[in-house]
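A.B. asks: These protein sequences, in sequence, are chains A and B.
Under the numbering used here, the residues of the first sequence are numbered 1 to 520, in order.
Under the numbering used here, the residues of the second sequence are numbered 521 to 595, in order.
Since the hints were derived computationally from the structure, they do not count as laboratory data.
On a predicted model such as this, the values are computed, not experimentally measured, just so you know.
Built from N, CA and C at the ideal position, the CB exists for glycine as well.
Be a bit skeptical, because a hint or two may be false.
As the list claims (entries may be wrong) - Here are the computed distance ranges between Cβ atoms for each label pair: (1) B:Glu567 / A:Ala458: 47 to 57 angstroms; (2) B:Glu536 / A:Asp161: 56 to 66 angstroms; (3) B:Glu593 / A:Glu375: 48 to 58 angstroms; (4) B:Lys581 / A:Asp383: 48 to 58 angstroms.
Unchecked claim - List of simulated lysine to aspartate or glutamate pairs, EDC-like, C-alpha gap at most 16 angstroms: (5) A:Lys247 / B:Asp545; (6) B:Lys523 / B:Glu593; (7) A:Lys28 / B:Asp545; (8) A:Lys27 / B:Glu573; (9) A:Lys28 / B:Asp571; (10) A:Lys27 / B:Glu524; (11) A:Lys112 / A:Glu143; (12) A:Lys253 / A:Asp303; (13) A:Lys468 / B:Glu550; (14) B:Lys581 / A:Asp87; (15) A:Lys269 / B:Glu565; (16) A:Lys28 / B:Glu593; (17) A:Lys468 / B:Asp545.
One-letter residues, chain by chain:
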Amino acid sequence: MGMLIRDILEESAKKFADIKAVKWLEKKEILERSYSELMDNVVILRKGLLAEGFSGKHIALIGVSSVEWIESYLSIITGNTVAVPLDAGLPCEDLIDLINRSDSEALFLSPKNIALLDGILAQCPKLKKIWILQEEEVEVSDERVACLAVLKAAGKSDSADSDRPAPENIATIIYTSGTTGKSKGVMLTQNNIATNVEYVNYTTEPGSVLLSVLPIHHAFCLVMDWLKGFSLGTTICINDSLLHMVKNMGVFKPQVMLMVPMMIETIYKRLASADPAIPKKVLADNVFGGNLKIIFSGGAHLDPYYIDKFAEYGVDVFEGYGMSECSPVISNNTPEDHKAGSIGRPLANAEVAFKDGEILVKGSSVMKGYYKMPEETAETLKDGWLHTGDKGYIDDDGYLFINGRVKNLIILSNGENISPEEIENKLALNPLVGEVIVTGENNGLTARIYPDQDVVQAKGLDEEIIHKSLQEFLDQYNKNQPTYRQITGLVVRKNPFIRSSTKKIKRQEALIDEAVLPTA
Amino acid sequence: MTKEMQFKTIVAQYCEVKPEDMNNDMRFREDLGFSSLDFMSFLGELEDTFDVELEEQEALKVLTVGQALDLLEKL
Chain A
1 MGMLIRDILE ESAKKFADIK AVKWLEKKEI LERSYSELMD NVVILRKGLL AEGFSGKHIA
61 LIGVSSVEWI ESYLSIITGN TVAVPLDAGL PCEDLIDLIN RSDSEALFLS PKNIALLDGI
121 LAQCPKLKKI WILQEEEVEV SDERVACLAV LKAAGKSDSA DSDRPAPENI ATIIYTSGTT
181 GKSKGVMLTQ NNIATNVEYV NYTTEPGSVL LSVLPIHHAF CLVMDWLKGF SLGTTICIND
241 SLLHMVKNMG VFKPQVMLMV PMMIETIYKR LASADPAIPK KVLADNVFGG NLKIIFSGGA
301 HLDPYYIDKF AEYGVDVFEG YGMSECSPVI SNNTPEDHKA GSIGRPLANA EVAFKDGEIL
361 VKGSSVMKGY YKMPEETAET LKDGWLHTGD KGYIDDDGYL FINGRVKNLI ILSNGENISP
421 EEIENKLALN PLVGEVIVTG ENNGLTARIY PDQDVVQAKG LDEEIIHKSL QEFLDQYNKN
481 QPTYRQITGL VVRKNPFIRS STKKIKRQEA LIDEAVLPTA
Chain B
521 MTKEMQFKTI VAQYCEVKPE DMNNDMRFRE DLGFSSLDFM SFLGELEDTF DVELEEQEAL
581 KVLTVGQALD LLEKL
């Protein structure tokens with residue numbers, strides 16, 4: 001049996017004890033934590049969770065990347081507890097739903113998200129404890145709420161430590177968009193994630209600098225930035241905000257970064273708009289910080305154009321492929337082994353097959369199933385084969401290529417998977433919306449709406465008022481959504497959508513017959 | 521270069537509209553084709569160029585060129 005995450009971390013804490021594991025910015029000053037300091041904190045938090053009676057329980061985390069977040073996460077997955085990382089950008093009601101559906105009994109909450117506290121306390125009856133991710137005491141009167149120092153005090157060094165988790169134990173539940181509109185909790189075992197860390201074929205010198213810019217609740221960031229990075233003795237630097245991604249490349253001077261295509265596209269706009277008289281090397285040093293050599297791209301398809309363009313600036317971009325259900329990497333290009341346009345060779349622990357063109361995956365990183373969703377699990381996992389929902393093929397040299405999708409999910413270039421039905425159901429609540437289809441284009445979402453003709457006639461609305469009313473409705477809807485779920489395009493149709501014989505809207509034909517009302 | 525023109529030159533990096541053709545009613549995402557990340561990167565560039573610190577949640581509520589200019593004026 002190979003090593004699990006607890007073994008990997010313990011080995012790194014010994015081998016790289018004095019190397020900096022994490023660096024971050026606080027009031028423009030760089031703070032840092034060594035591998036041995038990080039591990040000390042992880043152990044004491046883990047003992048604290050045991051002392052507080054959470055052995056075997058599910059524990060949620062809400063917050064953006066921080067050293068406290070990752071230490072807490074590691075304390076959960078290295079013990080006999082299950083971590084449920086949630087997207088801090090979701091509306092409060094969605095987070096409450098996920099805390100309840102995941103059966104979480106404790107929560108780590110970032111101080112930046114403290115505004116969520118009242119709603120969560122009122123509507124999550126299973127939660128016994130909420131620890132705010134800070135050492136300083138918190139001024140909240142509810143006895144369920146405490147700071148990290150309290151949990152650490154409960155887990156002082158001479159107290160009992162939790163048993164080592166077994167390979168088949170669930171380590172983490174990661175929520176991902178479902179095609180039916182309800183997000184699904186992907187259950188990943190200890191062995192799932194440890195083998196993904198082990199089989200991704202990349203190595204680097206201990207102390208190499210990585211800047212983590214992806215959302216930490218995503219499997220790609222969690223497993224590849226953090227767990228893979230820790231296994232190699234990497235110094236992982238935290239990007240404090242996407243506003244400062246380029247500036248922070250200058251601050252931390254990373255050698256390697258993991259990105260989604262949208263980040264690569266945005267950075268390229270900066271490179272391409274610069275004065276052509278500036279030598280490319282000078283510009284690259286200015287934008288990338290001077291040391292960046294490798295970007296691993298995942299989460300969505302990257303146009304190979306950017307790979308060629310970034311090479312002109314001395315940065316190699318390697319595309320990979322994966323999904324939360326596979327912990328997450330299925331295949332990837334590496335500096336030693338890559339082919340343009342492909343998503344690399346499958347990992348050595350991933351067997352790949354095809355059924356009607358759909359990519360199927362089997363292996364030690366394939367999830368155990370969706371939490372409390374047996375039907376969805378049975379649809380996706382058949383005889384141990386995971387049905388990815390993507391179409392593709394393997395060429396004669398063994399490289400995997402993607403050429404389409406089977407499932408009805410929109411994959412944006414920031415790697416977010418969007419269920420159009422989930423949004424359509426919410427938009428359809430507006431009385432003026434007769435029929436609605438959400439499509440993904442130009443890196444964003446567009447709502448294509450056929451107004452309810454009864455409402456139009458009853459209120460005597462003209463085209464301009466219809467468009468204005470719908471745009472105001474979308475602006476209001478967007479206010480409560482994370483940026484990736486906002487609707488940035490509106491098409492008001494003059495004709496109803498084409499329907500099938502069973503009266504369902506033909507989604508593939510949503511753009512047909514699209515005579516539209518003129519925009520206001 | 522005026523502050524407004526400097527601002528619009530930064531905007532123009534992320535879209536195909538020239539600074540002189542921009543008007544204050546144009547929406548970043550819908551009219552200028554900014555991705556969500558383009559917009560965040562743009563806000564970061566405003567901070568660097570004009571040496572200001574934006575309150576992120578407030579800044580992300582901005583929809584139009586005019587609103588962004590107003591925000592900048594208030595700092």
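A.B. asks: Evaluate each hint against the coordinates.
C.D. replies: Outcome of the hint check:
1. B:Glu567 / A:Ala458: 47 to 57 angstroms: holds, 49 angstroms
2. B:Glu536 / A:Asp161: 56 to 66 angstroms: Given a distance of about 59 angstroms, which is inside 56 to 66 angstroms, the answer is holds.
3. B:Glu593 / A:Glu375: 48 to 58 angstroms: holds, 55 angstroms
4. B:Lys581 / A:Asp383: 48 to 58 angstroms: 49 angstroms Cβ-Cβ, so the 48 to 58 angstroms window holds.
5. A:Lys247 / B:Asp545: violated, 29 angstroms
6. B:Lys523 / B:Glu593: Holds: lysine 523 of chain B and glutamate 593 of chain B sit about 10 angstroms apart, inside 16 angstroms.
7. A:Lys28 / B:Asp545: violated, 35 angstroms
8. A:Lys27 / B:Glu573: The given pair, whose Cα atoms are some 12 angstroms apart, holds under the 16 angstroms limit.
9. A:Lys28 / B:Asp571: holds, 14 angstroms
10. A:Lys27 / B:Glu524: violated, 29 angstroms
11. A:Lys112 / A:Glu143: This hinted pair is violated, its Cα atoms lying about 20 angstroms apart.
12. A:Lys253 / A:Asp303: Given that 16 angstroms is the threshold and the Cα spacing comes to 26 angstroms, the pair is violated.
13. A:Lys468 / B:Glu550: holds, 14 angstroms
14. B:Lys581 / A:Asp87: Status violated; Cα separation ~19 angstroms.
15. A:Lys269 / B:Glu565: Roughly 13 angstroms separates the two Cα atoms, so the pair holds.
16. A:Lys28 / B:Glu593: violated, 24 angstroms
17. A:Lys468 / B:Asp545: holds, 14 angstroms
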